[in-house]
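Q: If you read the protein sequences in the order shown, they are chains V and F.
The first sequence runs 749 to 876 under the working numbering.
The second sequence runs 5 to 219 under the working numbering.
Among the clues, some could well be false.
[Stated by the list, open to error] Sample of chain V residues lacking proximity to chain F, with all beta carbon distances greater than 10 Å (derived):
id	residue
1	Ser765
2	Ala774
3	Ser795
4	Pro807
5	Asp820
6	Ala826
7	Asp834
8	Thr847
9	Lys849
[Claimed, not checked] Derived DSS-like pairs (lysine-lysine); straight-line CA-CA distance at most 27 Å:
id	chain 1	residue 1	chain 2	residue 2
10	F	Lys91	V	Lys787
11	F	Lys144	V	Lys800
12	F	Lys91	F	Lys31
13	V	Lys787	F	Lys31
Calculated directly from the structure, the hints in this document are not laboratory data.
We treat Cβ as the ideally placed atom computed from N, Cα and C, and that holds for glycine.
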Amino acid sequence: MPVKLARNRYVVLKLTSFDEERAFSANELFNTLQNSLLKLYGEVGVSEAKLKVIPTQNPTLFIAKCSHRAVDKVLAAASHITSIGDKNVIVSPVLTTGTMKKIREKLKTYLSISSEAGMKKPSQTSEH
Amino acid sequence: MLRVAEKLSIKGIALPGFEDYKQLSEKYKLLDEVKGRFRVELYTRANISTLSVKEAVKLVNKLRRKIDLICIKASHKTLVNYALRDKRVDLILLEPYPDFKITASLFSLARQNDIAIELHLAHLLRAEGLSRSKLIGFYKLITAYSTKENAPLILSSGAKNWYELRDFPALSSMSKVLGLSKEAVLNSTINYPKKIINRNMFLKSSKLPCGVEVL
């Protein structure tokens, strides 16, 4: 069976900012992420990543599509971002999948879990 | 900052600024006011950075069992040498760049006395270009020594502004740049801090030292 040489990974990125009214576009995030990748891993790193940013229905969640070889680099570059344009922001990776279908399923569970967890204090939650 | 920590689902934050033992009660009052408002556990922390060892010992004597974390800033060699031998110290904060040489013996002593070496990842966010590459090199050296000597290492965000706070996935992807394995990242961001907090909570509540039990 032939093996696909260039496999993709889809990383869900969550943007957290103080200014909730300010919505960021996928293009803005793409430029910032690419710049961060360029600073951290250089031109070769950017070319290997084959980065694309896809918006979701949630304005704070974005999907970064990249090569499976460059997932760690993209995650590190995303974590190093402190601002988009003139606005300070925290970019944190939420989940990583191999297909868009899987990302839709996982996002549903993530959103339901995060809304439930938001109702409890950490000391009140039980760990298993 | 606490509001953002809550948004990021961070479980707990150690608040620095509890070095002055004369103002502890006032600071605790302020802490109690804030505590209930956010879904984040708050712990107290003292970052001790003194010129002489004598002053540091005095502060540790006054602060132990009153606050949750005692941290010594590695500003000079004599202070680090003292901190590595005093088991009441929880953390040694290594900030870039100390004026002494980092050696393997520092990490082996830390392992023997169960004292964690702490690194703040916010420095990586503040630096850019060549200074960041130099910083990554310095942090890589520390992580390599700690892995080799099996010394407890703690990676924290060390945030001074809200946008420097990082949750676990972000911290782990940042620490992969420093050459840490998955297990080491888990230990340095969750397991060691949890262990130290639990130990100090026990010490705060009881008069017995850790490991001693009344039968």
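Q: State for each hint whether it applies.
A: Results of checking the hints against the structure:
| no. | hint | verdict |
| --- | --- | --- |
| 1 | Ser765 | violated (8 Å) |
| 2 | Ala774 | holds (20 Å) |
| 3 | Ser795 | holds (19 Å) |
| 4 | Pro807 | holds (14 Å) |
| 5 | Asp820 | violated (6 Å) |
| 6 | Ala826 | violated (7 Å) |
| 7 | Asp834 | holds (12 Å) |
| 8 | Thr847 | holds (20 Å) |
| 9 | Lys849 | holds (22 Å) |
| 10 | F/Lys91 - V/Lys787 | violated (41 Å) |
| 11 | F/Lys144 - V/Lys800 | violated (30 Å) |
| 12 | F/Lys91 - F/Lys31 | holds (26 Å) |
| 13 | V/Lys787 - F/Lys31 | violated (41 Å) |
Of the hints listed earlier, those the structure fails to meet are numbers 1, 5, 6, 10, 11 and 13, in rising order.
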